[in-house]
Amino acid sequence: MLELNHVYTRYEKVECLKGITFRVHEGEMVALLGANGAGKTTVLKTISGLVRPTAGEIFFRGKSIALLSAEEIVRLGIVHVPEGRKIFQKLDVLENLELGAFVRNDPGETAKDLEQIFALFPVLEKRLKQKAGTLSGGEQQMLAIGRGLMSGPSVLLLDEPSLGLAPILVSAIFKMIEEIHRRGKTILLVEQNARRALKIAKRAYVIETGQIVLEGSADEIRNNPAVQEAYLGGRERR
Amino acid sequence: MNAHIELFLQQVLNGLTIGMIYALIALGYTMVYGVLQLINFAHGEIFMVGAHLALLMIWVLTSFFAGVPFWLVILGVFLFAMAGASFLGAAIEKTAYKPLRGSPKLTALITSIGVSFFLQNAVMLLCGSREKTVPEVVPNLRFGLGAVSFSLVQLIIFLTSLGLMFFLTWFVKSTSLGRAMRATAENPEAALLMGISVNRVIRVTFMLGSALGAVAGALFAMYYGSINFHDGYLAGIKAFTAAVFGGIGSIPGAMLGGILLGLFEGLAAGYISSEWKDAFAFLLLGAVLIFKPSGLFGENLPEKV
Chain R
54 MLELNHVYTR
64 YEKVECLKGI
74 TFRVHEGEMV
84 ALLGANGAGK
94 TTVLKTISGL
104 VRPTAGEIFF
114 RGKSIALLSA
124 EEIVRLGIVH
134 VPEGRKIFQK
144 LDVLENLELG
154 AFVRNDPGET
164 AKDLEQIFAL
174 FPVLEKRLKQ
184 KAGTLSGGEQ
194 QMLAIGRGLM
204 SGPSVLLLDE
214 PSLGLAPILV
224 SAIFKMIEEI
234 HRRGKTILLV
244 EQNARRALKI
254 AKRAYVIETG
264 QIVLEGSADE
274 IRNNPAVQEA
284 YLGGRERR
Chain W
-18 MNAHIELFLQ
-8 QVLNGLTIGM
2 IYALIALGYT
12 MVYGVLQLIN
22 FAHGEIFMVG
32 AHLALLMIWV
42 LTSFFAGVPF
52 WLVILGVFLF
62 AMAGASFLGA
72 AIEKTAYKPL
82 RGSPKLTALI
92 TSIGVSFFLQ
102 NAVMLLCGSR
112 EKTVPEVVPN
122 LRFGLGAVSF
132 SLVQLIIFLT
142 SLGLMFFLTW
152 FVKSTSLGRA
162 MRATAENPEA
172 ALLMGISVNR
182 VIRVTFMLGS
192 ALGAVAGALF
202 AMYYGSINFH
212 DGYLAGIKAF
222 TAAVFGGIGS
232 IPGAMLGGIL
242 LGLFEGLAAG
252 YISSEWKDAF
262 AFLLLGAVLI
272 FKPSGLFGEN
282 LPEKV
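Chains as they are written, first to last, in this note's numbering: chain R, 54 to 291; chain W, -18 to 286.
If you are wondering where the hints come from, they were derived from the structure by calculation, not from laboratory data.
Quick reminder that beta carbons are idealized off the backbone N, C-alpha and C, glycines included.
Errors might be hidden in some of the hints.
Unchecked claim - Once the Cα atoms are required to be at most 30 Å apart in a straight line, the calculated BS3-like pairs of lysine-lysine come out as:
hint: 1; chain 1: R; residue 1: Lys238; chain 2: R; residue 2: Lys228
hint: 2; chain 1: W; residue 1: Lys113; chain 2: R; residue 2: Lys143
hint: 3; chain 1: R; residue 1: Lys143; chain 2: W; residue 2: Lys258
hint: 4; chain 1: R; residue 1: Lys184; chain 2: W; residue 2: Lys273
Said to hold, decoys possible - To give an idea of the chain R side of the interface with chain W (calculated C-beta under 10 Å), a few residues:
hint: 5; residue: Pro135
hint: 6; residue: Arg138
hint: 7; residue: Phe171
hint: 8; residue: Glu232
Claimed, not checked - Rough simulated footprint, nothing fancy, chain R against chain W, three-plus residues with beta-carbon under 8 Å:
hint: 9; stretch: 161 to 167
hint: 10; stretch: 184 to 194
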């Protein structure tokens, strides 16, 4: 469904991605793991059109999207929920959600999606008229995901959804991501919390300094000694 | 009534009138700053061009359509000035500022000063450097309000300005494009991820701000009865002062800042010296920058991690 072929990008003459190749199939949840600065966020930004690849191809449903604008990519059904949530703090919760549906022109379906989001994140419905900046960190993350879902995407790119959250909220967020996936969304999950990500994803890729160094099923990745050493904090405790 | 109170009320009324004009111009500064963090120094010139477009339309309407009711003339003048100025605003954005997107802020700022010189000189070459008299279109009526009086032009200034401010507030608050504008102002990258065309939002912002500035120019032309190619300079800098006073980037701030600056100037002119009224405006700017740089409505919402 989503396919990257030898994608290169550079920021101010420094190469960030050096030939990234991977694919995400329809209905799959795939994790993209890696250390800080490995290029995970750049991969997502390149897919969502915030960064242009300098070489390589990106296909969505067989169509090349590497040169499309961010706006066109959202319209195709790929939505990027950015790291650090980036919700509109001065706008209220409802306005944030409405902005998520900015590109849509189907009020009936949009209203249904809004109902679904309230079912998934009941707290958002309670805070509709509250400024988004007054929400707690966990609520802001829920709002960021809900806002992404409002565009009615088929693919969700999630960048570090658990970053900076208390452990109990991390569990809750991961449960919600699983639930969203069960309801039929294809998900590309970027996480530093590799242990958690490998629990819910089916496959994973490991990125190091702009290159994919490892790929496989979640189990294979979890049991790889190098991964255990680098990302899972030594042997996994059971 | 006591003569002192009479003078006071009259100066308040006159100050509020010019304050409305400042507020309309200040909105253009604050809106553009909101989405681009650019002080668009060419905005005062948009006001001046608006005044000239208004004069042109007044000539056309009064020469070829004599006998048309005055309110229709005014409406035609407003629409013409707004259309011309928003086109000009969009053209400036596209040719002068858009190519500089992503370069240091100072580059765009200096460019805006260049655009300002360009427009002043263009108008001077096209229309001459003489002071141009604006034919009287609004009947010279005065209304008494107790001991103070105001003219029909003043009434029109009040009604038009307040109407436009209400419209703008509604637009920014309740329309999809207005929401997109606020989103872009807060976080352009996140706005892009929503599928908002940030370029379009910026263009619309310039057009709206320019249209408001043009109405201010038209009102100014009718109120003072004469215009010149350098009128945009002082009015622009004062409106900028008003925007900073209100908190640059804040729409209600620009409205209140403009009205208060006009009031302050009116009272300073009445009680201290009318020759020094411009100096008082800049005294206010200095004081705001020293004591409350974020202005009346300047807000800083901390980012939650």
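Structure-based check of all given hints:
1. R:Lys238 x R:Lys228: Cα-Cα ~14 Å, so holds.
2. W:Lys113 x R:Lys143: The given pair, whose Cα atoms are some 46 Å apart, is violated under the 30 Å limit.
3. R:Lys143 x W:Lys258: Violated, because 37 Å separates the two Cα atoms, which is more than 30 Å.
4. R:Lys184 x W:Lys273: It holds: about 25 Å lies between the C-alpha atoms, which stays within 30 Å.
5. Pro135: holds (6 Å)
6. Arg138: Holds - the Cβ of Arg138 (chain R) comes within 10 Å of chain W, reaching about 8 Å at its closest.
7. Phe171: violated (19 Å)
8. Glu232: Result: violated, 22 Å to nearest chain W Cβ.
9. 161 to 167: Since three or more residues must qualify, the claim that chain R covers the stretch 161 to 167 of chain W holds, with 4 doing so at under 8 Å.
10. 184 to 194: Since 0 is below three, the answer is violated.
Hint violations for this structure: numbers 2, 3, 7, 8, 10, all remaining hints satisfied.
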